[in-house]
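Undergrad: Spelled out from the first residue to the last, the chains are:
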Amino acid sequence: MSELLDVPVLTAWLKRADEMVAARQTYLSDLDAAIGDGDHGANLARGFHAVTAKLGTPADPAALFKTVGMTLIGTVGGASGPLYGSMFVEMGKAAAGKSALDAAAWADVLEAGVKGVAARGKAVPGEKTMLDALTPAVAAAKGAAGLSAALSAAAEAALQGAEATVSMIARKGRASYLGERSAGHADPGATSAALLLSALAEAAR
Amino acid sequence: MSELLDVPVLTAWLKRADEMVAARQTYLSDLDAAIGDGDHGANLARGFHAVTAKLGTPADPAALFKTVGMTLIGTVGGASGPLYGSMFVEMGKAAAGKSALDAAAWADVLEAGVKGVAARGKAVPGEKTMLDALTPAVAAAKGAAGLSAALSAAAEAALQGAEATVSMIARKGRASYLGERSAGHADPGATSAALLLSALAEAAR
Amino acid sequence: MKKLINAADKVVDEALAGMAAAHGDLIKVHFEPNFITRADAPVRGKVALVSGGGSGHEPLHGGFVGRGMLDAACPGAVFTSPTPDQILAATKAVDGGAGVLHIVKNYTGDVLNFEMAADLAKDEGVKVEAVIIDDDVAVQDSLYTAGRRGVGGTVLAEKICGGAAEAGQDLAAVAELCRKVNSNVRSMGLALTPCTVPHAGKPSFTLEEDEIEFGVGIHGEPGRKRIKMESADKLAEMLMEPIIADLPFKSEDKVLLFVNGLGGTPLVELYIVFRKAAEIAKAHGLTIARSLVGPYITSLEMAGTSISLLKLDDEMLRYWDAPVVTPGLRWGA
Amino acid sequence: MKKLINAADKVVDEALAGMAAAHGDLIKVHFEPNFITRADAPVRGKVALVSGGGSGHEPLHGGFVGRGMLDAACPGAVFTSPTPDQILAATKAVDGGAGVLHIVKNYTGDVLNFEMAADLAKDEGVKVEAVIIDDDVAVQDSLYTAGRRGVGGTVLAEKICGGAAEAGQDLAAVAELCRKVNSNVRSMGLALTPCTVPHAGKPSFTLEEDEIEFGVGIHGEPGRKRIKMESADKLAEMLMEPIIADLPFKSEDKVLLFVNGLGGTPLVELYIVFRKAAEIAKAHGLTIARSLVGPYITSLEMAGTSISLLKLDDEMLRYWDAPVVTPGLRWGA
Ligand SMILES: Nc1ncnc2c1ncn2[C@@H]1O[C@H](COP(=O)(O)OP(=O)(O)O)[C@@H](O)[C@H]1O
Ligand SMILES: Nc1ncnc2c1ncn2[C@@H]1O[C@H](COP(=O)(O)OP(=O)(O)O)[C@@H](O)[C@H]1O
Ligand SMILES: [Mg+2]
Ligand SMILES: [Mg+2]
Ligand SMILES: [Mg+2]
Ligand SMILES: [Mg+2]
Chain A
1 MSELLDVPVL
11 TAWLKRADEM
21 VAARQTYLSD
31 LDAAIGDGDH
41 GANLARGFHA
51 VTAKLGTPAD
61 PAALFKTVGM
71 TLIGTVGGAS
81 GPLYGSMFVE
91 MGKAAAGKSA
101 LDAAAWADVL
111 EAGVKGVAAR
121 GKAVPGEKTM
131 LDALTPAVAA
141 AKGAAGLSAA
151 LSAAAEAALQ
161 GAEATVSMIA
171 RKGRASYLGE
181 RSAGHADPGA
191 TSAALLLSAL
201 AEAAR
Chain B
206 MSELLDVPVL
216 TAWLKRADEM
226 VAARQTYLSD
236 LDAAIGDGDH
246 GANLARGFHA
256 VTAKLGTPAD
266 PAALFKTVGM
276 TLIGTVGGAS
286 GPLYGSMFVE
296 MGKAAAGKSA
306 LDAAAWADVL
316 EAGVKGVAAR
326 GKAVPGEKTM
336 LDALTPAVAA
346 AKGAAGLSAA
356 LSAAAEAALQ
366 GAEATVSMIA
376 RKGRASYLGE
386 RSAGHADPGA
396 TSAALLLSAL
406 AEAAR
Chain C
411 MKKLINAADK
421 VVDEALAGMA
431 AAHGDLIKVH
441 FEPNFITRAD
451 APVRGKVALV
461 SGGGSGHEPL
471 HGGFVGRGML
481 DAACPGAVFT
491 SPTPDQILAA
501 TKAVDGGAGV
511 LHIVKNYTGD
521 VLNFEMAADL
531 AKDEGVKVEA
541 VIIDDDVAVQ
551 DSLYTAGRRG
561 VGGTVLAEKI
571 CGGAAEAGQD
581 LAAVAELCRK
591 VNSNVRSMGL
601 ALTPCTVPHA
611 GKPSFTLEED
621 EIEFGVGIHG
631 EPGRKRIKME
641 SADKLAEMLM
651 EPIIADLPFK
661 SEDKVLLFVN
671 GLGGTPLVEL
681 YIVFRKAAEI
691 AKAHGLTIAR
701 SLVGPYITSL
711 EMAGTSISLL
721 KLDDEMLRYW
731 DAPVVTPGLR
741 WGA
Chain D
744 MKKLINAADK
754 VVDEALAGMA
764 AAHGDLIKVH
774 FEPNFITRAD
784 APVRGKVALV
794 SGGGSGHEPL
804 HGGFVGRGML
814 DAACPGAVFT
824 SPTPDQILAA
834 TKAVDGGAGV
844 LHIVKNYTGD
854 VLNFEMAADL
864 AKDEGVKVEA
874 VIIDDDVAVQ
884 DSLYTAGRRG
894 VGGTVLAEKI
904 CGGAAEAGQD
914 LAAVAELCRK
924 VNSNVRSMGL
934 ALTPCTVPHA
944 GKPSFTLEED
954 EIEFGVGIHG
964 EPGRKRIKME
974 SADKLAEMLM
984 EPIIADLPFK
994 SEDKVLLFVN
1004 GLGGTPLVEL
1014 YIVFRKAAEI
1024 AKAHGLTIAR
1034 SLVGPYITSL
1044 EMAGTSISLL
1054 KLDDEMLRYW
1064 DAPVVTPGLR
1074 WGA
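Chains as they are written, first to last, in this note's numbering: chain A, 1 to 205; chain B, 206 to 410; chain C, 411 to 743; chain D, 744 to 1076.
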């Protein structure tokens, strides 16, 4: 596998993400139906479908991330649209000027994206949101040596983080209205975040 | 059993009718649900309940029939309210001046009532209505010797008439909207008419 | 059967009490016998409009009482025609000396009870005319049936005649207008689900997940036939086709298109049906001059829709547009 | 899932086309991005009101566009907040130079998307203020949640602020009034049945024949708790009690009582609930000065109801009574 995330690899990522989200659309919506309003799968499917349609041939990772972010903001709606949208927009800013990202640069870019989510959502880890998958993923990426290891570690950490949301009581988003009834179900946003990071690990392989 | 229908016997009839309708309310409504709007049992239960409450001690059969008719008109609603109401009102007119009815008088009174139904409903036998029970009952009453035989024969004829409605296609009332789909179900009004005439045969026994 | 009720036999009385509490500025509710009049009834010198029928079709008829529409409505038990004493009392309460028009949906029960009430009212010196509404093209051979049912066209007749009565038209003219509306309107409906009469406690029929009742009335009864579920566009076509085939119209005619909800169907779906129905009407050269979309004549919680098409002339248009101030329909004032 | 639709992903576009066909005199429907404006937008010199949210709550919000209420509404996918580009386009389309008020129901998605749109609009030189509606007392510990949801109070805020904007109040005053309405209204709802989002194709939860969801929002989500079915009177009490406990009122206060249908519950049941809710309000010394009964903020075909109680002052009363001409709410003109 390549040791750099360049435009072709990132493009492959988003295509893979689109496929994986489409394949798990019902699953994600079912998770959301249990503690939310049952649209998370449809929202992301619509968004990533639009992303692959709009992507074209961006000049560099920054341009690519910006297009992804703006497309998600413009097509997803709901809470996850602005959140994932902000994540990619912030990743675009952090990637400015680079033609490709090595492991360290990727960890920084991802961190900037995740900070964007936290700022937009006014959320912290432990509140049963996508941040519970994304935050450990950043830490894992930072601690790994080499791009391949960083991507695998991030994907694995996100998956564990998503699984850990099962026992949490939601404090943010519409799942929080259920109070204690929200416990016992995985957070849909955390689950989709883990999905996106595994799509990246796969695409870069 | 008595050979005359006087006020006590007729009062007993209506009490028995109230009981029998109440006991078969669901059955009558179910019949109506199949080819109508499912309220025939509730309609008659409401009506005969009001009848027994209002009956008091009428001076003669004519007064009794009039009270029954007016009460049914005022409480039943739907198609069966004016129809059964008219039947009893007409029976009252036909019974005028008599303190009790023998077999022949009863047959005439019933005939007048049934003519009232036909006139009010602009219906003839064979259209899958209460007339398909009532018309053969009049004929049977006329052909029988003695009150007891007349009442039994009328009840039996009404029952057979009601059963014969199963194969008919409705031409009157809301069952007619079903066209051929109305076949295969007994007419609720014919069924309740048979019930009323068996109540009389029982009450006079 | 889960319903927001206290007891099946209190449904009508308690709902009427709720209407009285909610709309005291527009209507007055009378009990024993039950009827609703506009708050300022009787209106001296104005022809009064009285309608009624079983409960469970709300807002029809009680929600259409008020200035510019009905003077009184008589609610029967759920899906059961009201009794003559209710109709008689309402007729007398709203008679302003110019006579009373009974607008009666064509069901045996409604017709018979209104007929008896009209006879009694005439005996008491009230001038009464009755017009029967029978706009449902689902009922085909009207020779072998109780005739076509009165459905969506009733709402339109009540509004238009209410406008004419308010404008001072006399009884003969309002009755004539009502007959004109009736002969220019056609309707047809379908049900996706049954409904449950509180007294019965169970649905009036059952449908598979892919079946619908086509050509239903408004009393939870089965329709003309049971068919497989289709797309909204296809169903709109199946409803519009017999309506248009039956309505004597010519290209360029102005029409009012009314897409009605039977109770359980959300507005978002009714608009999808309206869209297609409007397309079909336009393809026949009709101009949709007025429209109405929503649950106006319902069948409790039944999911489904009915479409009504009314061919308009200037008189009908004028009185449709006239002010109306009722709980269920309101504009112009 | 039987629905009068053609395809899940066409529901919103086709319903919008239907609205355009039905209400061309009142509203204008724009596509890509989707938004609805009043037919005469922008109104020069008038503060413009923009709201929006997921589809499936009709008539909210699109049905409330028109003179005296909203200038624009932005419909998202079913139960999904609209995107910033829709809101931005709507904001620019209706800005008449006096600024734009965003009326936003308090859901994370709605808040975030409106926030982004407001930032973009401000960048383009439009004066924008936003008011968040959060009237749902079912959400208790607002510290540990996304805060109270915006539900029935939204309808009242849109109407009252629409009246004020029409009367020429400036942006600060209309926004202040909107905050006042919000701080004087409390709501709570319950569901007897779930609803089915077209995309999902199956109900969002299942309930036994004797169970209900208590304290629900308007997105088909489960409520605060699942309880056994009770009588209408008991349920009205259970909704009214937390509302009244939370609303700072004193005896003799004038209130607006709003009994809302969630979609699948017939009007006859809503009136039964209204009756009891009015009784309870009166027992607390409140005067029901105004009332609203019907399906105004819905959850597709969900059966259930919500109650909203708004403490009125003269300003709110005046603008509630002011003329409104929209597809979903209309009086005075
Ligand atoms: N304030 C927040 N901060 C971070 N993530 C959030 C926040 N609110 C919601 N989320 C995430 O969004 C997901 C829901 O997304 P989605 O279903 O698409 O939107 P909606 O809740 O508007 O229907 C949740 O599972 C959660 O992970
Ligand atoms: N025109 C008619 N003549 C005689 N009987 C009729 C006529 N129309 C209806 N009926 C009788 O009335 C019965 C239905 O009564 P009911 O259910 O109480 O009234 P509705 O049809 O108004 O709901 C039918 O089963 C039929 O026997
Ligand atoms: Mg969601
Ligand atoms: Mg019946
Ligand atoms: Mg009936
Ligand atoms: Mg959503």
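Check each hint, because a few of them may be wrong.
Stated by the list, open to error - A short, non-exhaustive set of chain A residues, derived as facing chain D with CB atoms under 7 Å: (1) 29; (2) 33; (3) 42; (4) 78; (5) 172; (6) 177.
What the hints assert, rightly or not - Here are the computed lysine to aspartate or glutamate pairs in the EDC-like style, where the Cα-Cα straight-line distance is at most 20 Å: (7) D/977 <-> C/442; (8) D/945 <-> C/621; (9) D/745 <-> C/643; (10) D/945 <-> C/618; (11) C/612 <-> D/862; (12) A/66 <-> D/862; (13) A/122 <-> D/996; (14) D/945 <-> C/640; (15) C/612 <-> C/419; (16) B/298 <-> C/529; (17) A/54 <-> D/973; (18) B/327 <-> C/529; (19) B/259 <-> C/442; (20) A/122 <-> D/858; (21) B/327 <-> C/640; (22) D/745 <-> C/620; (23) D/945 <-> A/180; (24) C/420 <-> D/973; (25) D/968 <-> A/3; (26) D/745 <-> C/619; (27) A/66 <-> D/866; (28) C/412 <-> D/866; (29) D/745 <-> C/640; (30) A/122 <-> D/862; (31) D/977 <-> C/419; (32) A/66 <-> D/858; (33) B/271 <-> C/450; (34) C/612 <-> B/235.
Said to hold, decoys possible - Stretch by stretch, here's where chain C covers chain D in the computed footprint (C-beta under 8 Å, at least three residues): (35) 764 to 775; (36) 832 to 846; (37) 915 to 924; (38) 1004 to 1012.
Simulated from the structure, these hints should not be mistaken for laboratory data. All C-beta atoms in this analysis are idealised placements derived from N, C-alpha and C, irrespective of residue type, glycine included.
Undergrad: Compare the structure with each hint and give your call.
TA: Verification of the supplied hints:
Checking residue 29 of chain A against chain D by beta carbon gives a least distance of about 6 Å; that is within 7 Å, so the hint holds. This hint holds: residue 33 of chain A has a C-beta 5 Å from the nearest C-beta of chain D, less than the 7 Å allowed. About 4 Å separates the beta-carbon of residue 42 of chain A from the nearest beta-carbon of chain D, less than 7 Å, and the hint is met. With a least beta-carbon distance of about 4 Å to chain D, the hint placing residue 78 of chain A at the interface is held under the 7 Å criterion.
At its closest, the beta carbon of residue 172 of chain A sits 6 Å from a beta carbon of chain D; the interface hint therefore holds under the 7 Å criterion. Proximity of residue 177 of chain A to chain D holds as hinted, the smallest CB-CB distance being about 5 Å (cut-off 7 Å). Taken as a hint, the residue 977 of chain D and residue 442 of chain C pair is broken in the structure, with Cα atoms around 26 Å apart against an allowance of 20 Å. At roughly 17 Å between alpha-carbon atoms, residue 945 of chain D and residue 621 of chain C fall within 20 Å of each other, so this suggested pair holds.
For the suggested pair residue 745 of chain D and residue 643 of chain C, the alpha carbons sit about 14 Å apart, so the restraint of at most 20 Å is met. Restraint check for residue 945 of chain D and residue 618 of chain C: satisfied, since their Cα atoms lie roughly 15 Å apart, inside the 20 Å limit. About 54 Å separates the Cα atoms of residue 612 of chain C and residue 862 of chain D, which puts this hinted pair outside 20 Å; it is violated. With a CA separation close to 18 Å, the supplied pair residue 66 of chain A and residue 862 of chain D stays within the 20 Å bound.
Distance hint between residue 122 of chain A and residue 996 of chain D is unfulfilled; the C-alpha atoms sit about 38 Å from each other, more than 20 Å. Between residue 945 of chain D and residue 640 of chain C, the direct Cα distance comes to roughly 18 Å. Compliance with the 20 Å bound is thereby established for this hinted pair. Only pairs whose Cα atoms come within 20 Å are accepted, and residue 612 of chain C paired with residue 419 of chain C is accepted, the gap being roughly 15 Å. Taking the CA atoms of residue 298 of chain B and residue 529 of chain C, the gap is about 18 Å. The hint holds against a cut of 20 Å.
Taking the CA atoms of residue 54 of chain A and residue 973 of chain D, the gap is about 53 Å. The hint is violated against a cut of 20 Å. Distance hint between residue 327 of chain B and residue 529 of chain C is fulfilled; the C-alpha atoms sit about 17 Å from each other, no more than 20 Å. Taking the CA atoms of residue 259 of chain B and residue 442 of chain C, the gap is near 16 Å; set against the 20 Å cutoff, the hint holds. Taking the CA atoms of residue 122 of chain A and residue 858 of chain D, the gap is near 13 Å; set against the 20 Å cutoff, the hint holds.
Simply put, residue 327 of chain B and residue 640 of chain C have alpha-carbon atoms about 39 Å apart, too far for the 20 Å limit, and the pair is violated. Taken as a hint, the residue 745 of chain D and residue 620 of chain C pair is honoured in the structure, with Cα atoms around 7 Å apart against an allowance of 20 Å. For the given pair, residue 945 of chain D sits about 24 Å from residue 180 of chain A by alpha-carbon distance, which is inconsistent with the 20 Å threshold. As the CA atoms of residue 420 of chain C and residue 973 of chain D are separated by approximately 15 Å, the hinted pair is consistent with the 20 Å bound.
Straight-line distance between C-alpha atoms of residue 968 of chain D and residue 3 of chain A comes to about 52 Å, which puts the hinted pair past the 20 Å bound. Proposed proximity of residue 745 of chain D and residue 619 of chain C is supported: the alpha carbons are some 7 Å apart, at most 20 Å. Under the criterion of a C-alpha separation no larger than 20 Å, the hint pairing residue 66 of chain A with residue 866 of chain D is consistent with the structure, at around 19 Å. For the hint linking residue 412 of chain C to residue 866 of chain D, the alpha-carbon distance of about 52 Å lies beyond 20 Å, and the restraint is violated.
For the proposed pair residue 745 of chain D and residue 640 of chain C, the alpha carbon gap of about 9 Å is at most 20 Å, so the pair holds. Pair hint residue 122 of chain A plus residue 862 of chain D holds up; C-alpha atoms about 17 Å apart against a cutoff of 20 Å. Using a Cα cut-off of 20 Å, the hinted pair residue 977 of chain D and residue 419 of chain C holds, with the two alpha carbons roughly 17 Å apart. Distance restraint check for residue 66 of chain A and residue 858 of chain D: the Cα-Cα separation of roughly 19 Å lies within the 20 Å cut-off, and the hinted pair is therefore satisfied.
Under the criterion of a C-alpha separation no larger than 20 Å, the hint pairing residue 271 of chain B with residue 450 of chain C is inconsistent with the structure, at around 37 Å. With a CA separation close to 10 Å, the supplied pair residue 612 of chain C and residue 235 of chain B stays within the 20 Å bound. Here's how the segment 764 to 775 of chain D fares: 3 of its residues keep a CB closer than 8 Å to some CB of chain C, so the rule of at least three is met and the hint holds. Counting residues of the segment 832 to 846 of chain D whose CB falls under 8 Å from any CB of chain C gives 0; the rule of at least 3 is not met.
A stretch counts as covered by a chain when three or more of its residues have a beta carbon under 8 Å from one of that chain; for the segment 915 to 924 of chain D and chain C the count is 0, and the coverage is violated. Judged by the Cβ-Cβ criterion of 8 Å, the segment 1004 to 1012 of chain D is covered by chain C as claimed, because 7 of its residues qualify and three suffice.
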